Amino acid sequence: MNLSLLILLPAITSLIILFSGKEQAKRIALGGALIQLGLTIFLLMCFWADSNLPGATQFIYEYNASWFPALQINYHVGVDGISVAMILLTAFVVFAGILMSWKVDRMQKEFFFLLTILGAGAYGFFISLDLFLMFFFLEVAVIPKFMLIGIWGSGKKIYSANKLALMLMAGSALVLIGMFGVYFLSNIGTASFDLVQISANGIPKDVQLYFFPFLFVGFGVFTALFPFHTWVPDGHSSAPTAASMFLAGISMKLGGYGCLRVATYLMPEAAEHYSWIIILLATIAIIYGAFATMMQTDLKYMNAYSSVSHCGFVLLGIGMLTPTAVTGAVLQMVSHGLMTALFFAAIGMLYERTHTREVAKLGGLLKVMPFISTVFFIAGLCSLGLPGLSGFVAEMTVFVGSWERVELLYRLATILACMSIVVTAVYILRATGKAMMGPVLNPEFNKLKDAAWNERLAGVVLIAGILAMGVMPFWLKDLVSPGALNIIEQINGVALLK
Amino acid sequence: MSELFSLLKHEFCLIGMIVFLLLIKIRSKEWSGESLIRMMNVFLVFNLIFGFFYNSTGELFDSMFRNSGLIAFEKNILNLALLIIHLQSVAWMKGHKHLTEFYLLLLSSMTGMFFLLSSGNWLMFYLALELSTIPLAALCNFDLEKKRSGEAAMKMIMSSGFSSCILLFGLSLLYGSTGTIDFAEMASAIEGTPLQILAFIFVFTGFAFKLSVAPFHFWTADVYEGSPFAITAYLSVVSKGTVVFVLASIFYTVFNGISEIWYDVLVISAVITMTIGNLFALRQNNMKRFLAFSSIAQVAYLLIGISGSSDLGMSSSIYFVLIYVFSNLGAFAVVAHISAHTGKENIGDYNGLYKSNPGMSWLLGISLFSLAGIPPTAGFFGKLFLLTAGAEVGNWPLIIFAALNMVVSLYYYLRVIRAVFMEDGIQPLSKLDIGTSSKIAMLFCVSGILLLGFTSGLYEYILSLSYGL
Numbered sequence: 001m002n003l004s005l006l007i008l009l010p011a012i013t014s015l016i017i018l019f020s021g022k023e024q025a026k027r028i029a030l031g032g033a034l035i036q037l038g039l040t041i042f043l044l045m046c047f048w049a050d051s052n053l054p055g056a057t058q059f060i061y062e063y064n065a066s067w068f069p070a071l072q073i074n075y076h077v078g079v080d081g082i083s084v085a086m087i088l089l090t091a092f093v094v095f096a097g098i099l100m101s102w103k104v105d106r107m108q109k110e111f112f113f114l115l116t117i118l119g120a121g122a123y124g125f126f127i128s129l130d131l132f133l134m135f136f137f138l139e140v141a142v143i144p145k146f147m148l149i150g151i152w153g154s155g156k157k158i159y160s161a162n163k164l165a166l167m168l169m170a171g172s173a174l175v176l177i178g179m180f181g182v183y184f185l186s187n188i189g190t191a192s193f194d195l196v197q198i199s200a201n202g203i204p205k206d207v208q209l210y211f212f213p214f215l216f217v218g219f220g221v222f223t224a225l226f227p228f229h230t231w232v233p234d235g236h237s238s239a240p241t242a243a244s245m246f247l248a249g250i251s252m253k254l255g256g257y258g259c260l261r262v263a264t265y266l267m268p269e270a271a272e273h274y275s276w277i278i279i280l281l282a283t284i285a286i287i288y289g290a291f292a293t294m295m296q297t298d299l300k301y302m303n304a305y306s307s308v309s310h311c312g313f314v315l316l317g318i319g320m321l322t323p324t325a326v327t328g329a330v331l332q333m334v335s336h337g338l339m340t341a342l343f344f345a346a347i348g349m350l351y352e353r354t355h356t357r358e359v360a361k362l363g364g365l366l367k368v369m370p371f372i373s374t375v376f377f378i379a380g381l382c383s384l385g386l387p388g389l390s391g392f393v394a395e396m397t398v399f400v401g402s403w404e405r406v407e408l409l410y411r412l413a414t415i416l417a418c419m420s421i422v423v424t425a426v427y428i429l430r431a432t433g434k435a436m437m438g439p440v441l442n443p444e445f446n447k448l449k450d451a452a453w454n455e456r457l458a459g460v461v462l463i464a465g466i467l468a469m470g471v472m473p474f475w476l477k478d479l480v481s482p483g484a485l486n487i488i489e490q491i492n493g494v495a496l497l498k
Numbered sequence: 499m500s501e502l503f504s505l506l507k508h509e510f511c512l513i514g515m516i517v518f519l520l521l522i523k524i525r526s527k528e529w530s531g532e533s534l535i536r537m538m539n540v541f542l543v544f545n546l547i548f549g550f551f552y553n554s555t556g557e558l559f560d561s562m563f564r565n566s567g568l569i570a571f572e573k574n575i576l577n578l579a580l581l582i583i584h585l586q587s588v589a590w591m592k593g594h595k596h597l598t599e600f601y602l603l604l605l606s607s608m609t610g611m612f613f614l615l616s617s618g619n620w621l622m623f624y625l626a627l628e629l630s631t632i633p634l635a636a637l638c639n640f641d642l643e644k645k646r647s648g649e650a651a652m653k654m655i656m657s658s659g660f661s662s663c664i665l666l667f668g669l670s671l672l673y674g675s676t677g678t679i680d681f682a683e684m685a686s687a688i689e690g691t692p693l694q695i696l697a698f699i700f701v702f703t704g705f706a707f708k709l710s711v712a713p714f715h716f717w718t719a720d721v722y723e724g725s726p727f728a729i730t731a732y733l734s735v736v737s738k739g740t741v742v743f744v745l746a747s748i749f750y751t752v753f754n755g756i757s758e759i760w761y762d763v764l765v766i767s768a769v770i771t772m773t774i775g776n777l778f779a780l781r782q783n784n785m786k787r788f789l790a791f792s793s794i795a796q797v798a799y800l801l802i803g804i805s806g807s808s809d810l811g812m813s814s815s816i817y818f819v820l821i822y823v824f825s826n827l828g829a830f831a832v833v834a835h836i837s838a839h840t841g842k843e844n845i846g847d848y849n850g851l852y853k854s855n856p857g858m859s860w861l862l863g864i865s866l867f868s869l870a871g872i873p874p875t876a877g878f879f880g881k882l883f884l885l886t887a888g889a890e891v892g893n894w895p896l897i898i899f900a901a902l903n904m905v906v907s908l909y910y911y912l913r914v915i916r917a918v919f920m921e922d923g924i925q926p927l928s929k930l931d932i933g934t935s936s937k938i939a940m941l942f943c944v945s946g947i948l949l950l951g952f953t954s955g956l957y958e959y960i961l962s963l964s965y966g967l
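One line per chain: the protein sequences are A and B, in this order.
Just so you know, we're using our numbering here: the first sequence kicks off at 1 and counts up by one.
Just so you know, we're using our numbering here: the second sequence kicks off at 499 and counts up by one.
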């Protein structure tokens, strides 16, 4: 399968949107997203068929063309199981996000144009095997977020948009520095951005120790690494619904994927060396995020802080460096992406109707809006890790993987992270109970209508993803774990050499 | 004879036009503004196209004047910039009474720039520098009824005169220590004696004035603010571009013997310039001053690229200047247009611009993103390649500093973006009519910004040229 289609399709879609009429914009965007969803499912089928063939390499469907030969910059794409999982997640969230923004009331063309570009950036990022290309797509995805929040957002939107853009740009500046380090100082001898080549040749250990922090922290900013998570609550709460979904569902995953694919994969020794710091920060993020969520009264802030906590699990899994834990980290990325997008969709629907996101002002909505409330419930239960939904699978895998590490710090971190689930249960149950159950607080609410077709469809698509992962996790696990194994083998290979 | 022609054809072309303009001036009846502008458009297009043909490499006048594929390419970039500047300032020129003089001075200055690029000898270099600068000072004064314009001209002539003095002092020391003023001969005579280093510092100071490298940048913002838009654009693109080209080629050839010293000088000035440019740009409210400080910060990245002292550094700086031409002129096109029609120049006046003028807002947005180095605009590639050239040497503190400075610069570029796209203006600008020539200029800029980054062929071409350095 030609992977370039995955970038080309949204790029063409966005161009058509730019030259279309106001009313057609959303239809074109939805059509593009639907074809893209079909394409990614086709990719999954192809991947299943082709990755087990004899002679299949770590990355398949590779395509490598020279772009700037003088600088050894190549257009090099290819996928392994981890990328396929992330691409699948992106397609689901993009499709649902476009459905959720069916009623955008101003500058529709620009809105859908930016959403589609944002999606294109994410697809490009996940398939790149060239650091320059990856960095290109990473930055392509930053400005649309800024515009989406700044123009269509609510509350202190300009402050949030600025904060987000500057923090993410600072993150990518760090990535840039790390990238140059890898480019010039790897063992290849000549400068190269090629991920596959660099990982095959390795990087000297002292270089790894210098540049790993840059790459990991740089990507970490994107995935809310403590203490660089502060853009998350502001950004999410000010963003329009679809942008929140994209932000939490896709954009934060760019960081996690980068930490894994670039930082850990290329610099295994440094990852091992610094893993205790990663574990420490991830544990802080998990605990702090959970407790901070408990104190929130605004639903979007709640979900944003809980995202900090849940993305902590991703980093925890990466930091543990066992195959199971890394698989868990990827599962958690997918699960959190779907779950949090669903949550934001539900909050968006509620807000659009009740015009408030304060938990205290809501009540008894299950009677009025059964569909939306159910969606809200499912997202909440998934967030607290109810078996049968994706959250359970992912978090369980992370914990099992973490427990494989016997050192005291790692054990302690695992125990603390496990305990945070209790806190999660407290805030999720409290919020859902308060907002959904009980008497209808505001008589005005009785007039509100339940979800429209587009909202129902978005909810159903995301819930289908969550269930597909929660009820039968093996397919996703089998998809991801060879990729995770490859990354860990780098470390073990190094350990064996010693 | 044919060699004389083919080597000097860029200059001949301009001088021919200057003579023609003089003839028009001498005749009793002067041409109308409209027809002058039209003729100038035709001439500049011809000039640009002509520049690509009949190029040859060689030296003239006892190696005082040299030409090569690289120099011809640089001249073509400048020709292109001049054409865009001319197209976008038609609205301003239409209202001006002394157009013939304006063109005369502009083309003289441009001729100076060309000779500067081609100079192979410090004497020629100095003459060309003055030829390019003195008409510029007069041009700064061309908003005749504005006091600020006069102030700008005064500042320009004073500061450039002062910088010339310092440069000349450095040159005299160089001559004293090497006994020659020819570039090639001097290159072999420079060994890094204290006197030569002292002389080098003076010469660099002269360059720094022209490039507005901190701490010699003080004239920039005032002159940019006071001058007519065409001249501000010319100063920030053509003048700066030329000096960057010349600086790179002189450093790589003449001062090759003391490359460790100029490496340090370049790095230190890049760091200071970047910091000062960025910090001052944060607080500007006038768009012209804002663009002045942003262009100061941009130069710092060029210095980093040049400090890489390699083919990569040279070709990346040329590539960056080419991109910078499009991005900076794109921003200038919008600012100039709004200023010419409404007289408004403050960032606050741009609030809600998108609602009334979406096309111009997109152009401004894309240009500023390109200046900030955000993909998929060309500025991303330009800046990244410059940093790559800088990182090749392995000066990591510098690269870290530069990368983080890019974030600071993003803040102020986003300020304008915010005003244009997000704020609701109390008195938003009304819908402005964009003339045909402005439209063409804007189209040039947009296509340049969007396409240049992806066309790796162009970069390869520049690289192949700079091997002949």
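Don't take each hint at face value.
[Unchecked claim] Distance ranges between label pairs, derived from CB positions:
{"id": "1", "chain 1": "A", "residue 1": "T230", "chain 2": "B", "residue 2": "P895", "range": "25 to 31 Å"}
{"id": "2", "chain 1": "A", "residue 1": "G155", "chain 2": "B", "residue 2": "P895", "range": "53 to 59 Å"}
{"id": "3", "chain 1": "B", "residue 1": "K929", "chain 2": "A", "residue 2": "M1", "range": "56 to 62 Å"}
{"id": "4", "chain 1": "A", "residue 1": "G38", "chain 2": "B", "residue 2": "P895", "range": "29 to 35 Å"}
{"id": "5", "chain 1": "B", "residue 1": "H839", "chain 2": "A", "residue 2": "G21", "range": "41 to 47 Å"}
{"id": "6", "chain 1": "A", "residue 1": "T374", "chain 2": "B", "residue 2": "D922", "range": "34 to 40 Å"}
{"id": "7", "chain 1": "A", "residue 1": "K367", "chain 2": "B", "residue 2": "D922", "range": "50 to 56 Å"}
[Stated by the list, open to error] Residues of chain A clear of chain B, computed beta-carbon distances all greater than 12 Å:
{"id": "8", "residue": "N2"}
{"id": "9", "residue": "I12"}
{"id": "10", "residue": "S66"}
{"id": "11", "residue": "I117"}
{"id": "12", "residue": "I149"}
{"id": "13", "residue": "I151"}
{"id": "14", "residue": "Y210"}
{"id": "15", "residue": "F392"}
{"id": "16", "residue": "C418"}
{"id": "17", "residue": "K447"}
If you're looking for bench data, these hints aren't it; they were derived computationally from the structure.
This one's a predicted model, so the numbers in the text were calculated from it and none came from an experiment.
Glycine included, each C-beta is placed from N, C-alpha and C at the ideal position.
Now for the hints, and whether the structure bears them out:
1. T230/A <-> P895/B: 25 to 31 Å: holds, 27 Å
2. G155/A <-> P895/B: 53 to 59 Å: Check failed, 40 Å falls outside 53 to 59 Å.
3. K929/B <-> M1/A: 56 to 62 Å: violated, 48 Å
4. G38/A <-> P895/B: 29 to 35 Å: violated, 50 Å
5. H839/B <-> G21/A: 41 to 47 Å: Violated - the Cβ-Cβ distance for H839/B and G21/A, about 29 Å, lies outside 41 to 47 Å.
6. T374/A <-> D922/B: 34 to 40 Å: holds, 38 Å
7. K367/A <-> D922/B: 50 to 56 Å: violated, 39 Å
8. N2: holds, 19 Å
9. I12: About 14 Å separates I12/A from the closest Cβ of chain B, which puts it past 12 Å; holds.
10. S66: violated, 8 Å
11. I117: I117/A is in fact no farther than 12 Å from some Cβ atom of chain B, at 9 Å.
12. I149: Answer for I149/A: violated, closest chain B Cβ roughly 9 Å.
13. I151: violated, 6 Å
14. Y210: violated, 8 Å
15. F392: Check passes; 39 Å lies beyond 12 Å.
16. C418: Since the minimum Cβ distance to chain B is about 37 Å, C418/A lies beyond 12 Å and the statement holds.
17. K447: Label holds. Min Cβ-Cβ 31 Å, cutoff 12 Å.
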